[in-house]
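Given chain U, work out where chains Y, H and L should sit, using these hints.
Protein chains: 4
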Amino acid sequence: MPTLQELNDFLRAEFPQSRCTLEELDDDGSVVVAHPVGEAELRPGGTVSGPVMMTLADVALYIAILAKIGIVPLAVTTNLSINFLRKPRADRRVVARCRLMKLGKSLAVGEVWIFSEGEEEPVAHATGTYAIPRDR
Amino acid sequence: MPTLQELNDFLRAEFPQSRCTLEELDDDGSVVVAHPVGEAELRPGGTVSGPVMMTLADVALYIAILAKIGIVPLAVTTNLSINFLRKPRADRRVVARCRLMKLGKSLAVGEVWIFSEGEEEPVAHATGTYAIPRDR
Amino acid sequence: MPTLQELNDFLRAEFPQSRCTLEELDDDGSVVVAHPVGEAELRPGGTVSGPVMMTLADVALYIAILAKIGIVPLAVTTNLSINFLRKPRADRRVVARCRLMKLGKSLAVGEVWIFSEGEEEPVAHATGTYAIPRDR
Amino acid sequence: MPTLQELNDFLRAEFPQSRCTLEELDDDGSVVVAHPVGEAELRPGGTVSGPVMMTLADVALYIAILAKIGIVPLAVTTNLSINFLRKPRADRRVVARCRLMKLGKSLAVGEVWIFSEGEEEPVAHATGTYAIPRDR
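Line by line, the protein sequences give chains U, Y, H and L.
Residue numbers in the first sequence follow full-length UniProt numbering, run continuously in steps of one, and reach 136 at the last position.
Residue numbers in the second sequence follow full-length UniProt numbering, run continuously in steps of one, and reach 136 at the last position.
Residue numbers in the third sequence follow full-length UniProt numbering, run continuously in steps of one, and reach 136 at the last position.
Residue numbers in the fourth sequence follow full-length UniProt numbering, run continuously in steps of one, and reach 136 at the last position.
The following block holds chain U by itself, in its conformation from the complex (with noise of 0.2 Å):
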């Protein structure tokens, strides 16, 4: 299976305009991956635009599933959901942690919680599907 640096790496190539970086692979299978937090993320009065979390959840997600099953770019996501929960910090990063919750031959499902790097309580809970190829 993919390390973290192999992940990383692929990240950079795949999503050339991502900001987002993976920051640990857990034994459990789980996933953190962050996001830094300046100008181009904030909206006037200092909030972080919704965006951003869902690109965030999103490639959370996605990394999540390459962790497990290998890096298969062709993976696509079908369907995401987020409920965003709390005014993230705006001096902070954001900080989503992912776990699968099933790996199918043809889907994956899996949830995120987004927090402001630091803080107890999440901003933003997303789950979503990614379809996998079948001929990998």
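Be careful, since some hints might not be right.
One copy or two, it doesn't matter: identical chains are merged, so the pair holds either way.
[Stated by the list, open to error] Straight-line Cα separation of at most 25 Å, DMTMM-like style, residue types lysine to aspartate or glutamate; simulated pairs:
id, residue 1, residue 2
1, 68, 24
2, 87, 14
3, 105, 119
4, 68, 27
To be clear, the hints were calculated from the coordinates, so they are not data collected in a lab.
Frame of chain U, contents of chains Y, H and L only:
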């Protein structure tokens, strides 16, 4: 109620990083928002990245609400659910048509259809809920 | 492809507890399914219970798929997302109109609008995904 | 705050058709709700019907909210999203564990894990939002 020009001005002020533009403001309350597709929106293989479509869906919902209630910068997304249906074209803008299903006192719910410009089959479909501040 | 009568027969065999009936099978592939509303569907205060509308959405999606691919009892729901929009009437049936957004080889995605019969404003809106068995 | 007994009494009064029972009320605010599985819950082939699990998810969310805010019959579901993960067993009850992710002034958001009783792998996962009346 705000004009197309006023909403576009607001969009640039409130989401300075966004490349979305409001294209149409229809009499039935639906809005059409577009996002360019270029290097920054593509992943290797020529796929428009999922987060671009999520951003477009989120902005389209927001604009559809503001078009009805006036410019209220504090409305916040509480939930967004998106289904990815088909691969978008790499050589066309993505265009979202959004219509509200409900506009209540405290919640607005809308649906968004996303197309590659000029194509008939949708590439994604989203539904979302925004919380509207009480004291506006 | 199956007729309305065949689909209703299947519905009674496959979902023996369901009180849903298929009412229309339209040329564009959309289907109309109805559920009676009586004592068993109401909560105190005269609200149609949420689960009745979720059942109706699920059955309508299933029937819309079967109407297109033939009667395949093994198709299973993988995801259902529903927004409740307005209070349904206590004295009318609830009626769902469902149309598929995508019918792929392994996944079908559809949307469902639910109304109190004869009313114009929808009471709920759902989207759902079904997995279709490969070897059928 | 209400006791387990009071919540079960309320459940029987408010959802007279429901066969759900509240089994646990934990110190961290999570609740455990069960639904029997028998002829009325099974589809041919021995699958627990999807609507049974949606009902269970909806009731578990409702009870988790009431356990925190007191018995407020007017709280209404605004959104429910469910992923079906595995086939439940035909010979066991289905059991839902629900925990709130957010309890705001006007919205509560929770997640629900559903299991066949005694099994380790979840059969479904749901998230839902309830609107809480302002003047309670």
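Comparing the hints with the structure gives:
no.	hint	in the structure
1	68 with 24	within (14 Å within a copy, 35 Å between copies)
2	87 with 14	between (30 Å within a copy, 16 Å between copies)
3	105 with 119	between (36 Å within a copy, 21 Å between copies)
4	68 with 27	within (11 Å within a copy, 35 Å between copies)
Hint compliance for this structure: every hint is met.
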